[in-house]
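Assemble chain W onto chain F, guided by the hints.
Next come the chains, spelled out residue by residue.
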Amino acid sequence: MKYSVLVIVVLLIAAAFIAGCSQPASTQQTPAASQDVVRVGVIASLTGPASNVGTNMWQSAQVAAEKINAEGGVTLQDGKKAQITLIVGDDESTQAGGQKAATKLITDDKVDILVGGYSSAVTSAYEQTIAEYKVPYIVTGASSPIITHRTDIDTSYIFHHCPTTDTYGQYTTQFIDQVVRPAVNQKAGASSDRPFRLALLYQDTAFGKGIQTAVNDTITKNKLNIVLVSQQSFRMGESDFRTQLTAIKAEKPDALYLGAFPNEGAPAITQARRDIGLNTIFLSAENNDNAQFYKDVGQYGEGAIIESRFSPYTAPAGAVAADQDVFKQAYFARFGTYPDMMGASTYDGVFIAVKAIGNAGTTDKAAVRQALVDLKMPQVIEAMKDGTISFSSDYRESGFDLWMEQLSPDAQSGETRPAIVWPDNLKTTGFVLPSWYVAGSSS
Amino acid sequence: MDEFSIFLQIIFWGLYAGCIYILLATGLNLIFGVMKVVNFAHGEFLMIGAYITATVFFLTGFNPFVILLLSMVVLVGIGAVVERLCFRPILGTGKLNEIFLSIGLIYIFQNGAAMIWGDAWQSVKSPYESMTVPIGPLSVPLDYIIIMVVTAAILCGLFLFLKKTTIGMQMRATSQNRKGAMLVGIDVERIDVISFGLGCALAAAAGTLWVVSGQVFNPYMGSIPAVKAFAIIILGGLGSIPGAIIGGLLMGLAENGAAFLLGGIWKDAVSFIILIVVLIIRPTGLFGGKEG
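Residue numbers (the numbering used here), protein chains in the order written: chain F, 1 to 443; chain W, 1 to 292.
In isolation and in its complexed conformation, chain F is listed as follows:
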């Protein structure tokens, strides 16, 4: 019996050890032989369901820091140069983990500025801590507008460098109206005033509901000729969508917009095409534009549309293409995989943090906050409105130039690959309806 109890104790200790191995609460990346350092905290989901994205964010921050330090670091007052040190806090993909990570980074690690944050639910859970300690925080992953719109706490130290679900919904709905609707009407041999039949399948969270609201609002405000024939929701983390898709197919939609994470979007498209025979156009939000999504959705992704701002496999025509490629190659050389868009905005976020500290000439948090308010810097690797990164005066949100990609089969990978089809100033090819596409019908 004593032996058995000993075995159990050893197992429990092993569990704690294993958990510890995969859940680094705080890891530092320290530049060599530096005396003056700026401490940048990165909050990312290194463990838990969002760890894929979180790891990408943390690794992208490291690539940014290495580039900045290699170029001399940040210039403070009296021309003094300082290297930057990154310290990561793992939010464990949970609200409690986020609270713990933010508190530790601020009180123990005494960071000068924070970057990161994925999942609006997790990020909003520790915004109170940010407000309390008044640490400038550049949120680069959470997409709900509530991050800076909420009024129950002081969000004045929080800056949002990530398009919100409002923006996703607006861009995608406008794209449907301007590009998909005419193409479908032409294919169906219908008159140009035939209403477009759009279905929604969205995650039952702030993220999914945000997209649903944005689509509804965009249609109403702009009086678009789009009718929402089905609006189905699902629980976060769901992997079986067959019943909702059956209900959607019964409404004969012209297209289906998915407000889903990649681990939901890929099986939803696969099940729709394979199991339900729903041969329509699938539109997804930008967080689906990552390598794992392309792998999971395989050939079933043909013809699908992803709203995006950074892709592992394509870049827009114009200025940021070369910079994006440099980042992708540096990331690949370091980690053997390609970054995703949350990584890209976190990469941007570290540059923004350094620029604000440089402009302030100090790490004093109030001064850095003011520098962020006044910030006007050239876009880094993501296409921004007017090529400039600045934060809006009302909700401190930066303005992105988003685009729509269409996926087509790629013989070499056996998967699909994207090409930008909208808007005109960024597109590299035109939108086409796949040969198997079946237009919806109200009959």
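Keep in mind the hints are simulated off the structure, nothing from the lab. Careful, some of the hints might be misleading.
Stated by the list, open to error - Derived lysine-lysine pairs resembling DSBU-like cross-links, with alpha carbons at most 30 angstroms apart:
hint, chain 1, residue 1, chain 2, residue 2
1, F, K252, F, K223
2, F, K355, F, K365
3, W, K125, F, K295
4, F, K385, F, K223
5, F, K252, W, K125
6, F, K355, F, K80
Said to hold, decoys possible - Residues of chain W placed beyond 10 angstroms of chain F at every Cβ, according to the derived structure:
hint, residue
7, G136
8, Y144
9, F159
10, E189
11, A259
12, I276
13, V278
14, L286
Note that the Cβ used here is the ideal one computed from N, Cα and C, for glycine as well.
Using the frame of chain F, we list chain W on its own:
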């Protein structure tokens, strides 16, 4: 698609979901029936089964329905080790110990899997994914027919094992009266190991079928199915294998019916509403005895 076809389609998806639930809940009930232990880590055996099938599939390209057998055999071994090292020492020391031990095992298996296979969601492509079978007005993918046939075959095999073999009869005897079984000379500790291993193998089968049906998986996938498996065995009656089968089917059909009629957010809730209603009317579950 007419209304009757839609109705049949929803029933079909309910039956498919029910197959996964039946295998998971039957394994859990087998363990509970014999050992009377509460194992919240049962969903982690589903997850490990899924990963073993996926890993062998990625490495060899073998048919995942064949790999299912290997996955079940491996899980028999893992289950036997877990029973011997973890559950046997605390058997009879109170439910609290069992609960905390199984919670500890959840962390061990989840983090262990994350270390070995990583945290990312993964998926497997079935070799039959492009094949469909016409059933009445429906055209359903061949994979789901195979999943239903495999589930039925496993349950028939289990039924024959429990009814016709000496070990099966000893398991039933231990399940009915542990002390009585000991008095007639049955090595109940050996039966515990076999039951636990078999229960884990059924979870591995559920995990494999989950993977083959095109659902994504990661190290944390087992938690919700495990909770549902508990709801099923309470619904069907603790320790009752027929109860687990009927409960699993009911759960699958109810979830999909609710998702269609009320919306996806009711998918999980409806199962527990049924559970509460059944427990109010019949506290021992549908097939439970007087003592549950």
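- Task: Evaluate the condition: distance from the CB of G136 (chain W) to the nearest CB of chain F exceeds 10 angstroms.
- Result: holds, 15 angstroms
- Message: Using Cβ atoms and 10 angstroms as the threshold, tell me whether L286 (chain W) really stays out of contact range of chain F.
- Response: holds, 24 angstroms
- Determine whether the non-interface label on Y144 (chain W) survives the test: each CB of chain F must be over 10 angstroms from its CB. Given that some Cβ of chain F is not farther than 10 angstroms from that of Y144 (chain W), nearest at about 8 angstroms, it is violated.
- Has the given pair, K385 (chain F) with K223 (chain F), been kept, meaning a C-alpha gap of at most 30 angstroms? Between K385 (chain F) and K223 (chain F) the Cα gap is close to 25 angstroms, so the pair holds against 30 angstroms.
- Taking 30 angstroms as the top limit, are the C-alpha atoms of K355 (chain F) and K365 (chain F) close enough? Given pair K355 (chain F), K365 (chain F) holds - Cα atoms ~14 angstroms apart, limit 30 angstroms.
- Message: Checking one constraint from the list: CA of K252 (chain F) to CA of K125 (chain W), max 30 angstroms. Satisfied?
- Response: Holds, at about 28 angstroms.
- Message: Run the distance test for K125 (chain W) versus K295 (chain F): straight-line Cα separation, threshold 30 angstroms.
- Response: holds, 10 angstroms
- Query: Can we trust that A259 (chain W) is non-interface, i.e. its beta-carbon lies farther than 10 angstroms from all of chain F?
  - Reply: The claim is violated: A259 (chain W) sits with its nearest Cβ about 4 angstroms from chain F, within 10 angstroms.
- Task: Grab the minimum beta-carbon distance between F159 (chain W) and chain F and tell me whether it stays above 10 angstroms.
- Result: holds, 27 angstroms
- Query: Hey, K252 (chain F) versus K223 (chain F), does the alpha-carbon distance stay inside 30 angstroms?
  - Reply: holds, 22 angstroms
- Outside-interface status for V278 (chain W) - nearest CB in chain F farther than 10 angstroms: holds, 22 angstroms
- Examine each Cβ of chain F, and state whether all of them lie more than 10 angstroms from the Cβ of I276 (chain W). Given a closest Cβ separation of 19 angstroms, the condition holds.
Taken one by one, the earlier hints fail for this structure at numbers 8, 11, listed in ascending order.
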